[in-house]
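*Asks:* Listed here are the chains, written in short residue letters.
Number of protein chains: 2
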Amino acid sequence: MTQITEKLVWIAADWGLSHLRLWMMAENGDVLHRLSADCDLDGLAPDQFEPTLVNLVTEFLPKDRIIPVILCGMAGAKQGWAEVPYTATPSAPPSAPSATKVKTKDKRFAVYILPGMKQNAPADLMQGEETQIAGFLAANPKFDGVLCLCGPHTKWAHISAGEVVSFRTFMTGELLALLSNQSLLRHTTASSTWDTDTFATAVDDAMSNPAILASKLFSIHAEASLLDQSNAIGQAKLSGLLIGAELAAARPYWLGQEIVIIGENDLSAAYKTALEPLGMPVQTAPAESMTLAGLSAAYIALESETQ
Amino acid sequence: MTQITEKLVWIAADWGLSHLRLWMMAENGDVLHRLSADCDLDGLAPDQFEPTLVNLVTEFLPKDRIIPVILCGMAGAKQGWAEVPYTATPSAPPSAPSATKVKTKDKRFAVYILPGMKQNAPADLMQGEETQIAGFLAANPKFDGVLCLCGPHTKWAHISAGEVVSFRTFMTGELLALLSNQSLLRHTTASSTWDTDTFATAVDDAMSNPAILASKLFSIHAEASLLDQSNAIGQAKLSGLLIGAELAAARPYWLGQEIVIIGENDLSAAYKTALEPLGMPVQTAPAESMTLAGLSAAYIALESETQ
Chain A
1 MTQITEKLVW
11 IAADWGLSHL
21 RLWMMAENGD
31 VLHRLSADCD
41 LDGLAPDQFE
51 PTLVNLVTEF
61 LPKDRIIPVI
71 LCGMAGAKQG
81 WAEVPYTATP
91 SAPPSAPSAT
101 KVKTKDKRFA
111 VYILPGMKQN
121 APADLMQGEE
131 TQIAGFLAAN
141 PKFDGVLCLC
151 GPHTKWAHIS
161 AGEVVSFRTF
171 MTGELLALLS
181 NQSLLRHTTA
191 SSTWDTDTFA
201 TAVDDAMSNP
211 AILASKLFSI
221 HAEASLLDQS
231 NAIGQAKLSG
241 LLIGAELAAA
251 RPYWLGQEIV
261 IIGENDLSAA
271 YKTALEPLGM
281 PVQTAPAESM
291 TLAGLSAAYI
301 ALESETQ
Chain B
1 MTQITEKLVW
11 IAADWGLSHL
21 RLWMMAENGD
31 VLHRLSADCD
41 LDGLAPDQFE
51 PTLVNLVTEF
61 LPKDRIIPVI
71 LCGMAGAKQG
81 WAEVPYTATP
91 SAPPSAPSAT
101 KVKTKDKRFA
111 VYILPGMKQN
121 APADLMQGEE
131 TQIAGFLAAN
141 PKFDGVLCLC
151 GPHTKWAHIS
161 AGEVVSFRTF
171 MTGELLALLS
181 NQSLLRHTTA
191 SSTWDTDTFA
201 TAVDDAMSNP
211 AILASKLFSI
221 HAEASLLDQS
231 NAIGQAKLSG
241 LLIGAELAAA
251 RPYWLGQEIV
261 IIGENDLSAA
271 YKTALEPLGM
281 PVQTAPAESM
291 TLAGLSAAYI
301 ALESETQ
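Line by line, the protein sequences are chains A and B. Okay, so the first sequence: first residue is 1 according to our numbering, each after it adds one. Okay, so the second sequence: first residue is 1 according to our numbering, each after it adds one.
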């Protein structure tokens, strides 16, 4: 580990509700080492954050200098490590100047938590995605359009002149997971594959008449039973109905806009498949890279502040 | 227990996905004894149904005569005790003539499973609720209107001339439970009370624009956090949005109809509160009594068949 310690100049950290990702960073921006740990924030008291972090990074920390740790995500929430005041929209995504420096017992590092963003009307919150936006904007400073930040709680963000103008959150990903894994529909939607045509039809149905979402969920079960349909069909219907209902409600965001989907799993691919037939230009970017780019931008800003 | 055994002439049984209810019945229709057991149908093999039942009723069974057991619910499904073919709509709710007699090792009882109902287009299923409908119709043979059978999977059934003309199932109750207990919203909706005005507004919002359901779920979390709202408000918003979206989709059922809500818990009260401002006459009936009345009607039909 000596090599990492020697080259380590800062640590990037994304501390979400259920995971902690850490990158040991070199001066030139290279990732020396990447760590990922499951971590249920729900069960963590404020004074348990530091020991959790120390436990993971202690072997890499040098003794002769203080390593800055730049952290984004739910660790800055009310029930997190320290409550960091949200930055209100419209605003550029927060960077080092609005970060909160946390007092730590261990003096080998200095921890800075980046704020999330809030929107007062309609009320909305993000904590972690703003750093993905900052990362995207670092590489695309002139971008004017819409970012779709996929996940359990997908965010649609309208970006203009380097600022998050407004955003809206949809619980589609969490709903999809709950219904696929824990509802009656788990028997008829558990599938590693899905039927593309069925998905497209379901998206279309829900977009043109969002009310049917309520009545078509049980239909997935009934159709599987009466028509002996496969789970690949069931999964496609469920995903399609939920994403279609979201697209109907998010229309003011995507209509006529350039769209970039930031995500990396099947959900991101599903959004792309759903959006493409609508005739909008759709690009994708990997979420983890955007997070790291956002944290790196904050580190650079911190360095220029302190010099 | 001798007194019960002496008077016992038949057993009524409602075997649902998660519960088994049994009533020891006297000749005059009196309930001699009521039993209720939790029972996860998901984990039960077909040959485990009989021992489960025997275990609960053995002490009551006489040795000198065969006791008919009339059973409704998921025990008649594909993964149940025995697959009983569905009765297709339009039809009177099934009774004794369409029941399936199950072979049992124990000769002290004769088990009859009532069929559920199916609808081919749009595909839909019920298994258990049809017996509540039969019970309601036994007391209200001339009823022409709509029954709203509340539960995890609420059924709206159009009834005319003693028949189930059509029906539609909504997973609202299960969605409400999943979101209240297992999603991000559990922190802001867990509440034993709720705010009536907030509920009414949420129902109204979702009814007039069902698309907002997708965007307003996360708002419950964001508003609770930014505006410091109570869980009683959160619970009212969530229930109101989900029930409002259902009412929008179920409009062809309830519009201009006489409505009877069959249920017994808070959910039934919530539907009543949501429906009353719409100007329709709404009555309620307790679900368990309707089930027992339906099973009793089937027993009477069975008796007249065999005599």
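Don't take each hint at face value.
To be verified - Chain B regions said to be covered by chain A (calculated; three or more residues, Cβ under 8 Å): (1) 43-52; (2) 58-65; (3) 223-233.
To be verified - Stretches of chain A that chain B covers, calculated by requiring three or more beta carbons in the stretch to come under 8 Å of a beta carbon on chain B: (4) 61-70; (5) 164-176; (6) 200-214.
As the list claims (entries may be wrong) - With beta-carbon atoms standing in for the labels, derived distance ranges: (7) A:192 with B:43: 22 to 32 Å; (8) B:289 with A:85: 48 to 58 Å; (9) B:228 with A:38: 28 to 38 Å; (10) A:230 with B:165: 26 to 36 Å; (11) A:256 with B:139: 28 to 38 Å; (12) A:192 with B:42: 20 to 30 Å; (13) A:38 with B:165: 47 to 57 Å; (14) B:139 with A:182: 32 to 42 Å; (15) B:228 with A:107: 34 to 44 Å; (16) B:186 with A:83: 30 to 40 Å; (17) A:182 with B:90: 29 to 39 Å; (18) B:228 with A:2: 45 to 55 Å; (19) A:190 with B:228: 32 to 42 Å; (20) B:43 with A:201: 27 to 37 Å.
To be clear, the hints were calculated from the coordinates, so they are not data collected in a lab. Every residue gets a Cβ at the ideal spot worked out from N, C-alpha and C, and that includes glycine.
*Asks:* All the hints need checking, so say for each whether the structure fits it.
*Replies:* Here is what the structure says about each hint:
{"no.": "1", "hint": "43-52", "verdict": "violated (count 0)"}
{"no.": "2", "hint": "58-65", "verdict": "violated (count 0)"}
{"no.": "3", "hint": "223-233", "verdict": "holds (count 4)"}
{"no.": "4", "hint": "61-70", "verdict": "violated (count 0)"}
{"no.": "5", "hint": "164-176", "verdict": "holds (count 7)"}
{"no.": "6", "hint": "200-214", "verdict": "holds (count 5)"}
{"no.": "7", "hint": "A:192 with B:43: 22 to 32 Å", "verdict": "24 Å, holds"}
{"no.": "8", "hint": "B:289 with A:85: 48 to 58 Å", "verdict": "56 Å, holds"}
{"no.": "9", "hint": "B:228 with A:38: 28 to 38 Å", "verdict": "31 Å, holds"}
{"no.": "10", "hint": "A:230 with B:165: 26 to 36 Å", "verdict": "31 Å, holds"}
{"no.": "11", "hint": "A:256 with B:139: 28 to 38 Å", "verdict": "58 Å, violated"}
{"no.": "12", "hint": "A:192 with B:42: 20 to 30 Å", "verdict": "22 Å, holds"}
{"no.": "13", "hint": "A:38 with B:165: 47 to 57 Å", "verdict": "52 Å, holds"}
{"no.": "14", "hint": "B:139 with A:182: 32 to 42 Å", "verdict": "37 Å, holds"}
{"no.": "15", "hint": "B:228 with A:107: 34 to 44 Å", "verdict": "36 Å, holds"}
{"no.": "16", "hint": "B:186 with A:83: 30 to 40 Å", "verdict": "21 Å, violated"}
{"no.": "17", "hint": "A:182 with B:90: 29 to 39 Å", "verdict": "34 Å, holds"}
{"no.": "18", "hint": "B:228 with A:2: 45 to 55 Å", "verdict": "50 Å, holds"}
{"no.": "19", "hint": "A:190 with B:228: 32 to 42 Å", "verdict": "40 Å, holds"}
{"no.": "20", "hint": "B:43 with A:201: 27 to 37 Å", "verdict": "35 Å, holds"}
Hints 1, 2, 4, 11, 16 from the earlier list are contradicted by this structure; the remaining hints agree with it.
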